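*Asks:* Fit chain H to the supplied structure of chain R, relying on the hints for placement.
Letter by letter, the chains look like this.
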Amino acid sequence: MSPQLTEAFARLPAYLGGHVAVSVTALLLGLTISLPLALIATRRPALRNVLLAVASVVQTIPSLALLALFYPLLLGLAVLCERLFGAGFSALGFLPSVLALTLYSMLPVLRNTITGLNGVDSAIKEAALGVGMTRRQSLTMVELPLALPVIMAGIRTAAIWVIGAATLSTPIGQTSLGNYIFTGLQTQNWVFVLFGCAAAAAFALAVDQLLALMEVGLSRRKRAWVTAGGLGLLLLTIGALVPTLSHPRATYAIGAKPFTEQYVLAALIEQRLREAGLTATTREGLGSSVIFNALRAGEIDAYVDYSGTIWTNQMHRTDVKPRADVITEMGAWLEREHNIKLLGGLGFENAYALAMPKSRAEALGIRTLADLAGRAQRLSIVGDYEFFGRPEWDAVRKTYGISFREQRQMQSEFMYAAAAHGEVDVIAGYTSDGRIAQFDLMVLDDPRHAIPPYDAALLISPQRINDEALLAALKPLVDAIDVTMMRGANLRASGGDNTSPREAARWLWNEIQRKR
Amino acid sequence: MSLAVIAFENVSKRYGGAAPVLDGVSLEVREREFLAIVGPSGSGKTTLLRLVNRLIDPTEGAVRVEGDDVQSIDAVTLRRRIGYVFQGVGLFPHMTVAENIAITPKLLGWDDARMTARVDTLLDVVRLDRQKYRDRFPTQLSGGEGQRVGVARAIAAEPRIVLMDEPFGALDPLTRDALGEDYRRLHDELGLTSVMITHDMLEALLLADRIAVIRNGRIVAEGTPHALMNGEQDDYVRDLMATPRRQAERLKKLSAP
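Residue numbers (the working numbering), protein chains in the order written: chain R, 1131 to 1646; chain H, 4 to 260.
If you're looking for bench data, these hints aren't it; they were derived computationally from the structure. Note that the structure is predicted; figures quoted are calculated from it, not measured. Keep in mind that the hints are not guaranteed to be accurate.
Distance condition first, Cα-Cα at most 30 Å in a straight line; then the derived DSBU-like pairs of lysine-lysine [to be verified]: (1) H:135 - H:109; (2) R:1605 - R:1471; (3) R:1451 - R:1255; (4) R:1255 - H:135; (5) R:1528 - R:1471; (6) R:1488 - R:1471; (7) R:1255 - R:1352; (8) R:1451 - R:1488; (9) H:135 - R:1352; (10) R:1255 - H:109; (11) R:1352 - H:109.
Part of the chain R face toward chain H, derived, beta carbon under 7 Å [unchecked claim]: (12) 1249; (13) 1253; (14) 1260; (15) 1261; (16) 1264; (17) 1272; (18) 1276; (19) 1279; (20) 1283.
Beta carbons: idealized from backbone N, C-alpha and C, even for Gly.
Pulled out of the complex, with its shape left as it was, chain R reads as follows (with noise of 0.2 Å):
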């Protein structure tokens, strides 16, 4: 078996897990909740029509936007609970994702049972009455039978569209089998990216099938199949949680950015916290003000952020200072408002820098951002899905003058390969990525300093602050990593040579040691 292919499988049990848990709590809440407010919305046309309307609107916004907008709207609850009661609740990972699937999973039973009870037979049910049911034997005994069909249809839906849509839950802190995608996606692991796919599209089908079994048990009414069903359902929840549940929990977390050097540095700090005798696991693939606020709530205990980020995305700074004294005025600045611990810099920085093709840039005769400038207006430029809104850009913009013939947003990982290859003539790189030497792109220089310094830096979260094991654990490596080695790393983790971000970072720690 290949190492990746291993290493799949050694992460299953954490990540199925975590899948399971939050698929099935949000199919079972989603049910509670829409089963009865379908019954009751079956005689009262005005709520039914309203119901049905806002569980549509529900289903128009993405899976992935609607779980990203409970996490902020589950902060604020949780911050106010703080402020109310004296205990908030983690409004990271779980919960939101629970929310956000079980809103999700409500139109598909909502709607098919509203119609299922709706096109029973008036005739049916008029008879129904004439034999001396009440209206609620009616519905038990005679509608509800009939309906059944089609409401374990639209169960059954649900349960496939919660399945699926619980991968996109790893991006608000929830371990899900999405891990493997944004995992595999960013560090071009594609066995990680079919094996997720293949993972959650394996749980949808063996539910969807064990419904099924439900569904002709109920309606042939052969007892033995429906709890052969539901037994079948009920092991292969108890299954896939035990091994998660029975898992002594780690006592730190790690959190990660969902990129490849994030996955690598996050691996680092993991491996050197075990390495000293405690326990840690990792919560990769975190938005990056996500990542920022669960650091502030003691949900994770440490990650690497950019001195760039938290200046203008947190201190919302403007004014460009040098790399040393961003560094020390973020640290207080942390220390200050949200009492965490910037323990220090790792050495590098991973700063956004466009980047050209280097014989394309000689033949144009361009070095810096001053040179582009006259030449842009028949050049395109592509970024990450975060660039072109994020105050650098502006910067850049206006400092130089430069305007661009075609902007266009892409997944980072791409960016490099389409530069190389003549599809996109500038690109909105980074500088710590392995790839701008692996296809020969040289980085402009910004002669007026336009984007500020982005210094890798080891932030710890306010109780920790005094957690001297972790804190001696770490230490080694601040100030240890200069850009070199993170670029090989990052190109290591990256390549699709069937290097693991963590297996880049044993490689990481051995230059560490080497170089010192």
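*Replies:* Chain H in isolation, oriented as in the chain R frame:
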């Protein structure tokens, strides 16, 4: 004159501002009587029947069952003591023949042994083979078999009153005739009071003790089959009687020596 088991007292039924479906109907059904209500579609005959077991409540007037105003009786209780045979069968498709027949007894809380025995008796009564039919589903029955089950279900809880809404309308003539005869025999043997709705005057003449003709929400004629065949009537009733009369004449000629 025996007691009026069902009595309509100046009953009207109106929906909104439209013309009334029933307009001041007064009618009595006596104990053990078989009354047929004949009328064209839209005449209000089904409405009249539904008033009896409170599937519909009247706008004006009163309906009495065994002396009591139905408004004073709980609708569910009332329905459980009145048999009802629905137009187009109305069997529950997800229940077996036995379960369909035993539904009202079950609602009344009979024990299983009593229900099983009752189902077997009733299958005999409506001339369906016990072994062959009790576990079948309605989709596995012919139209005639289905309506036999419908009749069995209506009389399962031993009601004294049976209401029938065009019970044999959708059946082929042979089955219809046989079923009609069988029901009439049951009616006599069990001492039932029956009200049957039909648009077929011939069926009414052959089965009923008495016939009420309804048109535009009013009773336009009322009497025994003999009286209707031979008495003087308004134009509509005369038209209605024309076909059976002609058929009778033809048959008489055919069978004359």
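*Asks:* Against each hint, give a clear statement of whether it holds in the structure.
*Replies:* Tested hints:
1. H:135 - H:109: holds, 22 Å
2. R:1605 - R:1471: OK: residue 1605 of chain R and residue 1471 of chain R at ~13 Å, within 30 Å.
3. R:1451 - R:1255: Violated - the C-alpha atoms of residue 1255 of chain R and residue 1451 of chain R are around 77 Å apart, more than 30 Å.
4. R:1255 - H:135: holds, 28 Å
5. R:1528 - R:1471: Status violated; Cα separation ~34 Å.
6. R:1488 - R:1471: violated, 40 Å
7. R:1255 - R:1352: The given pair, whose Cα atoms are some 25 Å apart, holds under the 30 Å limit.
8. R:1451 - R:1488: holds, 29 Å
9. H:135 - R:1352: holds, 21 Å
10. R:1255 - H:109: holds, 18 Å
11. R:1352 - H:109: Since the Cα atoms of residue 1352 of chain R and residue 109 of chain H sit roughly 21 Å apart, the hinted pair holds (cutoff 30 Å).
12. 1249: violated, 13 Å
13. 1253: holds, 6 Å
14. 1260: With a minimum Cβ separation of about 4 Å from chain H (threshold 7 Å), the hint on residue 1260 of chain R holds.
15. 1261: holds, 5 Å
16. 1264: Given a least distance of 5 Å, the restraint on residue 1264 of chain R holds.
17. 1272: Cβ of residue 1272 of chain R sits 6 Å from chain H, so the hint holds.
18. 1276: Holds, because the Cβ-Cβ distance from residue 1276 of chain R to chain H comes to roughly 6 Å (cut-off 7 Å).
19. 1279: violated, 10 Å
20. 1283: violated, 17 Å
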